[in-house]
Amino acid sequence: MPFTKLQFKPGINREGTRYSNEGAWFDGNYIRFKYGYVERIGGWRKVNSTAFDGTIRKLHNFVTLSSLNLLFMGGNEKVYLEESGTLNDITPIRSTVSLPSNPINTTGGAGSGVVTVTTSTAHGAAIGDFVTFASLTAVDGLTTDNLNKEHVVVSVPTTTTFTVNTGGSATSGGVAGGGSSGTAAFQLSIGLDSTVLGPGWGAGTWGRFTWSSSAGSLAGQTLRLWFADDFGEDLIFNVADGQLFYWDATNGVGTRAINLADKDGANEVPSVARKVLVSEVDRHVLCFGANPIGSADQDPLLIRWSSQESAVDWFPSSTNTAGDLRLSQGSEIITAVRTSRQILVWTDHSLHSVQFSGAPYTFGTALLADNIRIAGPNTAISVNDIVFWMGQENFYVYDGRIQPLPCSVRDYVFSDLNTQQSFKFHAGSLSSQSEVWWFYCSASSNEIDRYVIYNYGEQTWYYGTLARTAWNDRAAGQRSFPQAASTDSFLYDHEYLLDDGSQSPAIAIPAFVQSADFDIGDGDKFMLIRRILPDITFNGSSDSTPAVTFTMQSRDFNGKAVNETVTGSVEETSTDIYTNQIFLRARGRSMNFKVSNSDTGVNWRLGVSRLDARPDGGR
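Under my numbering, residues 5 to 623 are what the sequence shown spells out, in order.
Derived from the structure by calculation, the hints contain no laboratory data.
Treat the hints with caution; some may be incorrect.
In the DSBU-like style, the derived pairs of lysine-lysine whose C-alpha atoms are separated by at most 35 Å in a straight line are [as the list claims (entries may be wrong)]:
id, residue 1, residue 2
1, K50, K9
2, K82, K13
3, K38, K50
4, K598, K50
5, K50, K153
6, K50, K82
7, K13, K38
8, K564, K598
Derived CB-CB ranges, DEER-like [unchecked claim]:
id, residue 1, residue 2, range
9, S344, S70, 25 to 33 Å
10, S344, Q482, 15 to 23 Å
11, Q225, T164, 26 to 34 Å
12, A373, D149, 58 to 66 Å
13, T259, S335, 36 to 44 Å
14, L329, T147, 55 to 63 Å
15, D415, F319, 49 to 57 Å
16, T469, S573, 18 to 26 Å
17, S344, F7, 48 to 56 Å
18, P408, V67, 32 to 40 Å
19, E499, D149, 38 to 46 Å
A virtual CB, placed ideally from N, CA and C, is assigned to each residue, including glycine.
With the sequences and hints as input, model every part of the structure.
Written out as structure tokens, the structure reads:
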């Protein structure tokens, strides 16, 4: 009998059943397709040795004039600038107050480091907020080193008292002290790490979620998201539906960001905005969903921009180019993405183009589509001036026209989403592999746990499991590797070697790919599998004898459980030399084929293996 080639269409296809997708790959994890062949993805390693606080939801890479390669990291608790693995805390200070005399009381008792702090006026702090004391004197066995540092607010008994744990050990307890010149600097209050929705008819914006899904009042209850963009060598950023901040590179990475409205020359800086970005070509700062001049109330459809080459002058005049416009469709702006020619702006049910037009209007807008939606504020990305985004029921691309992306895993993805946490969904590019990644929460998870990839070079789809809360492509700046923040409070270099560096020593990434079921003829006969002639390369492996496992599963009928599983190992002994055949014995009406690895240092790409299969009667 002639051998049967195990050759399957590139990409994973989940749009049919396991049997109807014959000739296709049906499942996989930690794999990609290149030149039509399947291979495993690269590994990852930790960047920072010290864990960051909170969950990072935004990464933005930029380089200063002094060649500092910085990564903005915005989370629900802190804002950092990462440089060479070091995390520099630039979280803005919301207020600094002088403390009354002897504001510290060792209320935790003898042997405890818990103290109660009294302020002269309402402190505005909440549990989990960060506060830094200065100029306090020792009290009851607690040293100045115990006191004069950053602390986390543990409890808030009253509007003028709060407690912290100094980490020291009081001698007696119940002793007041601290001197008369102490100060307390309160950092920007922490934000929510998950969206909290309130059920009920009319809660939230019309069309925010798909029909029959839970609705919720989003105001004040959404998780904290940051948006950031570089303005020259400086950085402008804002918390979604909050104020704008500015970090000045000339002050160094050890300095905190300030409120943009407090910067010299500030004139009518928006006090609230959904998102901020910089129009690179014409050098305007734009705020989407901002408050109008003369009002503190947010207009969710208003776009405002600063004067050209200025981050602080927002008051329109005859001598500048500041201005505003209001979108005509939708009820709120969700997000905006910049390309070299225009800015795409999504509302809750429309897509608009905003373009620089010059005097007298500066910017103009055009409606591109009505009745089109986006899954969340971070689910769109521009790659080579082509914009990809995740909608609420499909994936889309804009390259001058809007088109849904043919997707072989559409039902698989959109039937397994936690839409209540859609603000956590985010897109990222991996330009070296011609890939767009979307990270999302599966239906059973409140945190990012899955990804789906579109390879725009090969027009293939594949997916997997990975907890990454923010992504930055190395092509976006001058980083050696694409980077991602994880739920374990570490930043990772991706496509680094072959293994999972979240642990030490590194562990294997369990990559696998599995085919749909196939049969002989029309499936009217059983087949007998005797052996496989593997076709695989281990190029790039660091293991001296890299190996993978070939698995065959058989079924007697489509709807019947697997009745037999047989495996065989393929091991490379020298370059491109491995077991020349694998003897297996399996019998069934249909079979599926799987390749997997479980060891560290193993890289593989699958070619076209051959199968010794022959008819074995009917039943």
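Structure-based check of all given hints:
1. With a C-alpha separation of about 41 Å, the suggested pairing of K50 with K9 is violated against the 35 Å cut-off.
2. For the suggested pair K82 and K13, the alpha carbons sit about 46 Å apart, so the restraint of at most 35 Å is broken.
3. A distance of roughly 26 Å separates the Cα atoms of K38 and K50; the hinted pair therefore holds under the 35 Å criterion.
4. This hinted pair checks out: K598 and K50 have alpha carbons roughly 31 Å apart, not beyond 35 Å.
5. The hinted pair formed by K50 and K153 meets the criterion: a straight-line CA distance of about 27 Å does not exceed 35 Å.
6. Our distance criterion of 35 Å between C-alpha atoms is met by K50 and K82, whose separation comes to about 19 Å.
7. Among the hinted pairs, K13 with K38 is consistent with the structure: their alpha-carbon atoms are about 12 Å apart, no more than 35 Å.
8. With a C-alpha separation of about 19 Å, the suggested pair K564 and K598 falls inside the 35 Å cut-off, and the hint holds.
9. Separation of S344 from S70 is about 27 Å and conforms to the stated range, judged on CB atoms against 25 to 33 Å.
10. Taken as a hint, the range 15 to 23 Å holds for the pair S344 and Q482, whose Cβ atoms sit roughly 19 Å apart.
11. For the hinted restraint 26 to 34 Å between Q225 and T164, the CB-CB distance of approximately 27 Å keeps it satisfied.
12. Checked against the hint of 58 to 66 Å, the C-beta distance between A373 and D149 comes to roughly 60 Å, which is consistent with it.
13. At about 39 Å, the CB distance of T259 to S335 agrees with the hint of 36 to 44 Å.
14. Between L329 and T147, the C-beta spacing of about 58 Å keeps the proposed range 55 to 63 Å intact.
15. Between D415 and F319 the CB atoms are about 51 Å apart, so this pair conforms to the stated range of 49 to 57 Å.
16. At roughly 24 Å, the beta-carbon separation of T469 and S573 lies within the given 18 to 26 Å, and the hint holds.
17. Between S344 and F7 the beta carbon distance is about 52 Å. The supplied range of 48 to 56 Å therefore holds.
18. The given range of 32 to 40 Å is respected by P408 and V67, whose C-beta atoms sit roughly 37 Å from each other.
19. Our hint of 38 to 46 Å for E499 and D149 holds, since their Cβ atoms are close to 42 Å apart.
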